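The chain contents come next:
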Amino acid sequence: MDFALTEEQEFFKKMITDAVDRMIVPKAPEIDRKDEFPWELWREFGKLGYLGLRYPEEIGGMNADPVTAMIFYEQVSRGSVGFAQSVIMNVLMGTYFIYRFGSEAMKERCLYPAMRGEKVATMCFTEDQSGSDLSATRTTAVKDGSDWVINGTKMWITNGPIADMATVLATTDRSLGAKGLNFFLVEKGTPGFAPGQVLEKMGCRGTVTGELVFDNVRVPEENLLGTEINKGVDYLGEILDEVRVMTGAMALGISQAAFDEGLEYARKRVAFGKPIGSYQLIRAKFADMASEMEASRLMVYYAAWRIKEKLSSRKEAAMAKMFATETCLKVVDEVTRIWGANGFAQEYNPQRHFRDARFLLYGGGTHEILKDFLGRLIIGKT
Amino acid sequence: MNVVVLAKQVPDAESSIEIKGDGERLEIQQKFATSLFDEFALEEALRIRERHGGRVKVITLGAGKATEILRTGIAMGADETLLLDHAAFLDGDGYATALALSRAVSKAPCDVVLCGKQAVDDDRGEVGPMVAQFLGLPHVGGVVKLDIAEGKASAESLAEAGREVVEVSLPAVFTVQKGLNEPRVAPITGVMKAMKAQIPKAAPEDLGLDPAEVGRAGSKVQVKRYLAPKKRPPVQIIGGEANDAAREAVRILADVERLI
Amino acid sequence: MQPARQCGFSRTWKGSFRGWLVDTILVFVETKGDAAKKASLELLSEGRKLEQAGRFRMEAVVLGPLPAGLKDRLLSLTETLVHIDDPLLEAYTPEGYAFALAGYAGEAGPKMILAGATQMGRDFMPRVAVLLGCGIVSDVTAAAWEGDPVTFVRPVYGGKVLTEVSCNGFPVIVTTRPNAFGISEEGSRTGNLVERQAGVTADQVHTRIQRADAKPKGKVDLTEADIIVSGGRGLKAAENFRLIEELADAIGGTVGATRSVVDAGWRDQEDQVGKSGKTVSPKLYIAVGISGAIHHIMGMDTSKVVLAVNKDPNAIIFQYANYGIVGDLFEVVPAMTAELKKR
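Residue numbers (this note's numbering), protein chains in the order written: chain A, 1 to 382; chain B, 1001 to 1260; chain C, 2001 to 2343.
Since the hints were derived computationally from the structure, they do not count as laboratory data.
A few of these clues could be false.
[As the list claims (entries may be wrong)] So the derived list for chain B, only partly shown, Cβ under 8 Å to chain A, looks like this:
id : residue
1  : ILE1019
2  : GLY1064
3  : ARG1071
4  : ALA1075
5  : ASP1079
6  : LEU1090
7  : VAL1185
8  : ILE1188
9  : ILE1199
10 : ALA1203
[Claimed, not checked] Only pairs whose alpha carbons sit at most 25 Å apart, straight line, appear in this in silico DSS-like list of lysine-lysine:
id : chain 1 : residue 1 : chain 2 : residue 2
11 : B       : LYS1020   : B       : LYS1065
12 : A       : LYS27     : C       : LYS2032
13 : A       : LYS268    : B       : LYS1031
14 : C       : LYS2032   : B       : LYS1145
15 : A       : LYS308    : A       : LYS13
16 : B       : LYS1031   : B       : LYS1020
17 : C       : LYS2111   : B       : LYS1224
18 : A       : LYS231    : A       : LYS179
19 : A       : LYS14     : B       : LYS1196
20 : B       : LYS1031   : A       : LYS308
21 : B       : LYS1230   : C       : LYS2342
22 : B       : LYS1231   : A       : LYS274
23 : C       : LYS2160   : A       : LYS268
24 : B       : LYS1031   : B       : LYS1145
25 : A       : LYS315    : A       : LYS231
26 : C       : LYS2032   : A       : LYS34
27 : C       : LYS2111   : A       : LYS268
28 : C       : LYS2304   : B       : LYS1230
29 : B       : LYS1031   : A       : LYS13
30 : B       : LYS1224   : C       : LYS2160
31 : C       : LYS2111   : A       : LYS274
32 : B       : LYS1230   : C       : LYS2283
33 : B       : LYS1020   : A       : LYS268
34 : B       : LYS1065   : A       : LYS13
35 : A       : LYS308    : B       : LYS1196
Since this is a predicted model, take the numbers as computed values, not measurements.
Beta carbons: idealized from backbone N, C-alpha and C, even for Gly.
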């Protein structure tokens, strides 16, 4: 079995790692501290062209396969989660359905500029009363002539308040539950579409997360993203696994950032006349962290490979996301312990990784839902 | 304006380096990067092309993995590359290495040759001036500002006596240092191009050289042994209030160490 | 592209033909106005020791203008002083100096050619090596002259590792780092002056000085300084470097800076001590408000005595210092300056 990245993937990794180290890492503490969207960095980074990496070369992308995409998600997250969340939203969820189903005019207006970082994209699922339970979606889309009229409020939307375009999940018939869901494209400037309250978060500060309000928002027929009506959940299934593995990759990035801080500290911090890395209990922590990160890494990239090879990946993706996340939470915890009192100081990075990691618990699916799903899958119909 | 960049792949700044076998050899962690000063050379070459047109070629002498810095060069925008990775080229002293590189440079006409003022592994700083002498060209060392014109160039370096601006005819060799420019981050289009690029290679015969003239065989300087630098004794902390500590420090430096 | 113009002597000449019993060493004396550079004086001192041991005879070589006062001084430091002059050597150019020195070496047949590993030395001596077809060992910090072959120590990887090297063939060109050797008390010699024309033609030199902005007089270069007072980010603002300057003035030192303060625009690139700046080797290095990042350490770790002042007791710099003060530099540094002024 050849577990190695190809020479091309290794080179890509080197280049994105370099870009992250030079452009994002130095700015990460400030992005977190100010909790403001880093527009200048966004534009600079957008110019490099990475935001389009998942889409075909012919339209300005890179045709990156899922494995290569994971390398990207991991590295950007290692740099700054506050920035990465917005970037990744533009790269995948916020633009996918426009790419998949949008008209050429729509792509010109929305997709291509988003790929260049000239516009900000988002995808809206979550509502006040529905997170994991999509069938409880209350945002409605009602046909009126040849248009659709959308009403509802979305919450916890990454990039929401600054989005130029939103892929909105709405139901045409609440009695159908999950089978009545559809994606609609709503663009900024459409009457009735407005940002609502911005949420202040424990972590991932920098990215703007908030409410989006749809008050009798009228969009033309072509803004229903899909070839058939009420197939939203099926379409979501096309990228669901990738979104989960991607969350796992983000977990890897955060783990690595924290781990590296822990390592440097253990080598340099002196206690009782020796660097603390000389002591067994500290060594044990690194042995555990490194082992679990290694396992997470294998799971994440294996799941990505399965997606790339078009093999069934629902199970592997859910497992990878969960395992990498649980590992990350342990790593960021251990690193703050290794740092002692300094792990508590806002001045240093470990506390930022500690706070940032918490989003992994709900992003890409809560573990309670994922475990139930996996258990059901394994045990089978009872 | 055809520009050639001589770049070297060196161990990453974070790579661990250990002396093994009683000083016989070094064990170096296999993580690599472009030598710091060569990054400025590569960026400057691209800027010269942006201003004057022409082509940028990157040449490196190094074992297999050295293709990485050539790909990095392409990702940043270089037009051509050349890899001297034949075993005979390796482990040479400044002379043997400069001989091989100067022949590689002379394979095609060029106006400007750029390289870092020294490689951050060997710290010799010999190759740049030597390549210039082999090619019969002038050179300017430690450049922090470079203005290229038709047939000549104006180069500013930080001389010990102050800043010095020198005019030199082209073709010429320039060794560069920090302060010259800020290297760009490669855009994805460049990364994609680099990932697919074919890297041409050259063996000694292709450069009109006998294997015995280059690399370790052609070297006059040999490393006999590796040694660890002398370690300083553990620090003596001078305690007390600021004023007292300051006074004590001066006393130690003047009366004990006799330095002032 | 023309191949290098050979001086006609390099390939066939194999060894020294004169001084049957004793080999010759040439010491290139770099001059700055009417003074000789420190590294050159160190080499003349080493050369005199080797002469006394009977191993070599030494010739000091000066290229370009030689003021009368300096000439007299040098004649008291060496048996033979060779002055090679030419209008084309009026100002330093790598090509001109290399041709002139290599030309004389071809005639004198030395076993070794020594020069300071100053900016100039490291700039043109490699060209001399190519002209003579010989090896060069650059930036040497120690030498075992009595060995056969002579072995040298030079740092690599920014000083993380030292290498012991030897060079075969003749001559061997060596550049030595300033402060690597001491300057012993000079006996008084009465040397002979030998005047030479360089034999460098105009078509061999394609470099012309356009402008030289001299530093304010009296400023010792960091690479030659005996005492350096360096400041880092702990100073908090550019204006606070005043404290460093005052201490440097009081102690007779040169001001240095870390990469982060240079990048922040508080000091010039030429003040930077470190891997991407200057490598220094003073007798005393005072590091103020400097954390001790490895790239800085690489630039100053060969300093004989290091005193560090930092408010963080865990700062890495203390692992590379002989003496340390854990305290507020804004109190400690002025206090030191005041104390020094009292003495």
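Hints and how they fare:
A hinted interface residue such as ILE1019(B) counts as satisfied when its beta carbon comes closer than 8 Å to some beta carbon of chain A; here the least separation is about 19 Å, so the hint is violated. The interface hint given for GLY1064(B) is broken, as the beta carbon of that residue sits about 11 Å from the closest beta carbon of chain A, more than 8 Å. Annotation: interface hint on ARG1071(B) holds; nearest CB of chain A at approximately 5 Å, less than 8 Å. A hinted interface residue such as ALA1075(B) counts as satisfied when its beta carbon comes closer than 8 Å to some beta carbon of chain A; here the least separation is about 6 Å, so the hint holds.
A cut of 8 Å between beta carbons decides the hint on ASP1079(B): the least distance to chain A is about 18 Å, and the hint is violated. Look at LEU1090(B): its Cβ only gets to about 21 Å from chain A, farther than 8 Å, so that hint breaks. Because the smallest distance between the Cβ of VAL1185(B) and any Cβ of chain A comes to about 5 Å, under 8 Å, the interface hint for this residue holds. Annotation: interface hint on ILE1188(B) holds; nearest CB of chain A at approximately 4 Å, less than 8 Å.
Hint status for ILE1199(B): violated, given a least beta-carbon distance of 11 Å to chain A, over 8 Å. Against a cut-off of 8 Å between C-beta atoms, the interface hint on ALA1203(B) is violated, since the closest Cβ of chain A lies about 22 Å away. Our distance criterion of 25 Å between C-alpha atoms is met by LYS1020(B) and LYS1065(B), whose separation comes to about 23 Å. At most 25 Å may separate the alpha-carbon atoms for a hinted pair to count; LYS27(A) and LYS2032(C) exceed this at roughly 45 Å.
A distance of roughly 21 Å separates the Cα atoms of LYS268(A) and LYS1031(B); the hinted pair therefore holds under the 25 Å criterion. The hinted pair formed by LYS2032(C) and LYS1145(B) meets the criterion: a straight-line CA distance of about 24 Å does not exceed 25 Å. A threshold of 25 Å between alpha carbons decides the hint, and for LYS308(A) with LYS13(A) the separation of about 18 Å falls inside it, so the pair holds. In summary, the hint linking LYS1031(B) to LYS1020(B) is supported, as the alpha carbons are separated by about 18 Å, within the 25 Å threshold.
Annotation: proposed proximity of LYS2111(C) to LYS1224(B) holds, straight-line Cα distance about 20 Å (limit 25 Å). With a C-alpha separation of about 7 Å, the suggested pair LYS231(A) and LYS179(A) falls inside the 25 Å cut-off, and the hint holds. For the proposed pair LYS14(A) and LYS1196(B), the alpha carbon gap of about 15 Å is at most 25 Å, so the pair holds. About 28 Å separates the Cα atoms of LYS1031(B) and LYS308(A), which puts this hinted pair outside 25 Å; it is violated.
Using a Cα cut-off of 25 Å, the hinted pair LYS1230(B) and LYS2342(C) is violated, with the two alpha carbons roughly 35 Å apart. A hinted pair counts as satisfied when its Cα atoms are at most 25 Å apart, and LYS1231(B) with LYS274(A) qualifies at roughly 16 Å. At most 25 Å may separate the alpha-carbon atoms for a hinted pair to count; LYS2160(C) and LYS268(A) meet this at roughly 17 Å. The straight-line distance between the Cα atoms of LYS1031(B) and LYS1145(B) is roughly 31 Å, outside the 25 Å bound, and the hint therefore fails.
Proposed proximity of LYS315(A) and LYS231(A) is supported: the alpha carbons are some 22 Å apart, at most 25 Å. Under the criterion of a C-alpha separation no larger than 25 Å, the hint pairing LYS2032(C) with LYS34(A) is inconsistent with the structure, at around 53 Å. Annotation: proposed proximity of LYS2111(C) to LYS268(A) is violated, straight-line Cα distance about 47 Å (limit 25 Å). Of the supplied pair hints, the one linking LYS2304(C) and LYS1230(B) holds, its CA atoms being roughly 11 Å apart against a limit of 25 Å.
Our distance criterion of 25 Å between C-alpha atoms is met by LYS1031(B) and LYS13(A), whose separation comes to about 13 Å. For the given pair, LYS1224(B) sits about 17 Å from LYS2160(C) by alpha-carbon distance, which is consistent with the 25 Å threshold. With a CA separation close to 50 Å, the supplied pair LYS2111(C) and LYS274(A) exceeds the 25 Å bound. Between LYS1230(B) and LYS2283(C) the alpha-carbon distance is near 15 Å, which keeps this suggested pair within the 25 Å criterion.
Of the pairs offered as hints, the one joining LYS1020(B) and LYS268(A) holds, with about 23 Å between alpha carbons and a cut-off of 25 Å not exceeded. For the given pair, LYS1065(B) sits about 15 Å from LYS13(A) by alpha-carbon distance, which is consistent with the 25 Å threshold. With a CA separation close to 20 Å, the supplied pair LYS308(A) and LYS1196(B) stays within the 25 Å bound.
The structure fails hints 1, 2, 5, 6, 9, 10, 12, 20, 21, 24, 26, 27, 31 (numbered hints given earlier, in ascending order).
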